[in-house]
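Novice: Once you've looked at the hints, dock chain B against the given chain A.
Protein chains in written order, with our numbering: chain A, 1 to 426; chain B, 1 to 315.
It is worth saying that the hints were derived from the structure and are not from the lab.
Check before you lean on any hint, since a few could be wrong.
[Unchecked claim] Examples of chain A residues toward chain B, derived with CB under 10 angstroms:
1) Asp94
2) Val188
3) Cys192
4) Pro204
5) Thr268
6) Thr271
7) Arg310
8) Lys312
[Unchecked claim] If you want a taste of the chain A side facing chain B, the calculated C-beta under 10 angstroms gives, among others:
9) Ser193
10) Thr196
11) Thr197
12) Asp270
13) Gly295
14) Glu313
15) Trp383
16) Val385
The model shown is predicted, which means the values in this text are computed figures rather than measured ones.
C-beta atoms are modelled at their ideal positions from N, C-alpha and C, and glycine is treated no differently.
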Amino acid sequence: MSTRIVVRGARVVDSRGERAADVAVEHGAVVEVGARLSGGDIVDAAGCVVAPGFVDLHAHLREPGKEEAETIETGSRAGAKGGYTALVAMPNTDPPQDSVAVIDFVREQGRRAGLVEVVPSGCITLGRQGEALAPMAELAAAGVRIFTDDGNGVQDELLMRRAMEYGRGLGVTLAQHCEVAALTKGAVMNECSCCTTLGLPGWPSIAEELMVFRDIELARLTGARAHFLHLSTARSVELVRAAKREGLPVSAEVTPHHLSLDETRLATFDTVYKVNPPLRSPHDIAALRAGVLDGTIDALATDHAPHPRRDKELALDQAPPGMLGLETALGVALGVLDADLTRLVRIMSSNPARIAGIDDRHGRDIEPGAPANLVVFDPSATWQVSPDSLASKSRNTPFVGMTLRGRVRHTIFNGAFSVRDGEAQR
Amino acid sequence: MKHLRSIDELGHDGLVRLLDLTHHMVEVNRRPVPKVPALRGRTVVSLFFEDSTRTRLSFETAAKRLSADTMTFSVSTSSVNKGESLRDTVETISDMGVDAFVVRHKSTGVPWQISEWTNASVVNAGDGWHQHPTQALVDCFTVREALGKERFDGLTLTIVGDIMHSRVARSNIAAFSMLGARVVLVAPPTLLPPDVSHWPVEVSYRLDDVLARTDILYMLRLQSERMSQGHVPNLREYAETYGLDAPRAAKLPPHAVLMHPGPMNRGVEMLVDPSLLPNSLIHRQVANGVAVRMAVLFDLLAGESSAANLAPAAP
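One chain only, chain B, in its complex shape:
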């Protein structure tokens, strides 16, 4: 695998391979010294054109635990010198000797554009509304771990909220379907993409109708600017219609699990303290982030080396 840009590109076998590899990384992270020399001498650059503390830290921690060198190029798009094209930025950094770019950008497609301009591997850490494949890997791994299942046949994943603007939703729809889950999208029509008829999903406008048959409830973050853009009249109405409150949580089957990609909007999509719910996986999602990203970087950069290379460094 040269790049990780979308779940579709990764495919079913790649997805399973990375999830299996993540188990090894979880083991590495449990060691007293959670660090292996697997990527010594390799350089990983985080190229973040959009703010994201959590994802960036997660990738950088992953790279460091594999002993890669890391560089960070963090800039909000507005402050990028207008005279410098994206290509110039990438080529300049590439010339410094880079093995992988971890890229986040507010525009769809940037990881594909960048891979045309560098020989380094490209990891998509979120492009526009399009894809966020490592988040989907985190979510699949977390469900695997929690339910002890490698396939999700017979399970229903219900994704609630701003599907239209969500790269997490697009990657998760692809990944969970690949593993056999049925996917239900719940949102007002204004927060659904224009035409989902060709997606492997079922659509509902009413959260209350689908809770009882949900095994995995995935709440998306609603950004407050969706109000000013007329997608919802106001946040209170959204919270009342699509927010998870205690009565709604009670409608879930007892075994159902709760997920959220963070950061959470308490009082909007989340009206109940998730830590009070017995089956919240939200902390596990964060905890698994590093292991998943270690698996991704290892898979891209360690070449033909097997997981045996994850032995601790010689003293």
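Pulled out of the complex, with its shape left as it was, chain A reads as follows:
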């Protein structure tokens, strides 16, 4: 870690803007930002961007419990290759992340893999069952800053009110998977004219929007910080936009797939397109993109959800929802968002770092003293997604065969290369 690394010839992009400069790191921190830096291990990064390492608010790393799909090590490797230096691990593991023992295990496995910082989220309710609060204070004392039952929305209004009141006292963020379960029983795809013809049970937008609305009002009532996971509908964006205009303490994320793929994909009957919330209409996609550009949506989050081959090779009604995201997020985002690089770095790094409560060490502007968690990517390099080149243990990416623009060259985690020239270093 004591090796000096100099990233030479890149554009430095952080939340404040961009400028041309070399960046030197040593002892786990940025030590110099300036012209013609030398010494140590010099990487030529002409034409590239150097930015604070990406932070994913939403990764299913599957360990413990479903190591056939992904492990913390393989998920960390996929993350590092995607330019990430921190991943918030979703709590729907087996056992779930509702005890200090599991939280410590997840964090420790992340440390062992050593490729990114694995940041465990905690369950809001015991076992994600939506019936009783998880020991939130105990989990917060163990370092958990963000709580969610992701995969399930907390259905009970009183319990959610209590979670937010209790969470406010702990200074943590409550992240909701917005889905009124009674409205989505058996649902496979967006409720739309397409699902009418395909005869697939529909997941109506209102099932998301009702819960977004409820939690905005609960945030108003309790003063707790509410974060909305994987927003997928135009109305949800409007609700969050209005709440932010009022100054309510809410934030929101969107996935690369909800920004890029629409409901008509399901007409192929390929289970790779089954995801929760479902792929929506072109109208929703346009509203989500606009929400990112005007700052209503704070973060791009992958909802990286690996599944083994055999689970996705079931009928549509039985196959589990979810798709990979870590290794393709940058390329998809650059392709679909008409955003400048500063905005891109905000939604992929500084904003999610703040929401996850890790902005002391991730998403920091690049200046001497900042922790050396950086990504170097070539925003114009194109590459074709091939499943065999993925570091994830699973292969369920909907972007197979697509040509993406924007490729990660190097990722620097804690002052050392986790990825160099596109290759994971461990």
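Specialist: Quick look at chain B alone, frame taken from chain A:
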């Protein structure tokens, strides 16, 4: 034609070709020995993940009359070993040497998934709420036979009941429209799909309003679980609003015909004994099932052979 998975995939010309071919099969079925060697050496597997005695027997009889070998894999989804993926099941059976899979599954899309995993032809015998193309062929053929018309221009098909959950309705809307019929859907809004604005149909919530201009009245089965799911308050109310009783039957024009895909729910959608109605085609639908499925299997598996291959087997 490699597969028969949906009416849209089949297209107008394919639809007409299969209906024409069905006439030949009806002739074969009238012979003292209703069996031809056309598919000798071919293997047809029924892969039924959902119970269906009638459709399965109809396909198996069709295959046997064409001298194909048949295998049956019949399993309710709940008892499928959770460890085995759909793909593994299909590949295992495919390895035994199969020319066609006849597939029924409670999930939409399974016939398409299966055709990715095997070189055999795939016949959709019903996937979820999506498609049941051979039933639509049966229904079109039955109307053709009854009315002596090859095109249905100027005719109104009224489909009554649980459109939302009905693969029969989806296939028939496509098939009858292709042949020129006007299609009217009659159901409470809770039993209609979320958005039918792009379908070539007219929608009515009141059966009494459309009976007088109906030429083909198609009653769908209402499953009792629709009540517990809140689609209708109770079966009695449904029967009163959408069931076919004697006064409603009397409102139909005298030439109108009655159809039902079976099995019928007497006392729910059918409050009158259809056998007492002069123009019920319900028995013809069942009778034509075998001939239609023979036409489908022949078309998929006999390759370039013409209908001349339907000569009786040499003794």
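Novice: Which of the listed hints are not met by the structure?
Specialist: Numbers 1, 13, 15 and 16 - these are the hints that the structure violates, sorted from lowest upward.
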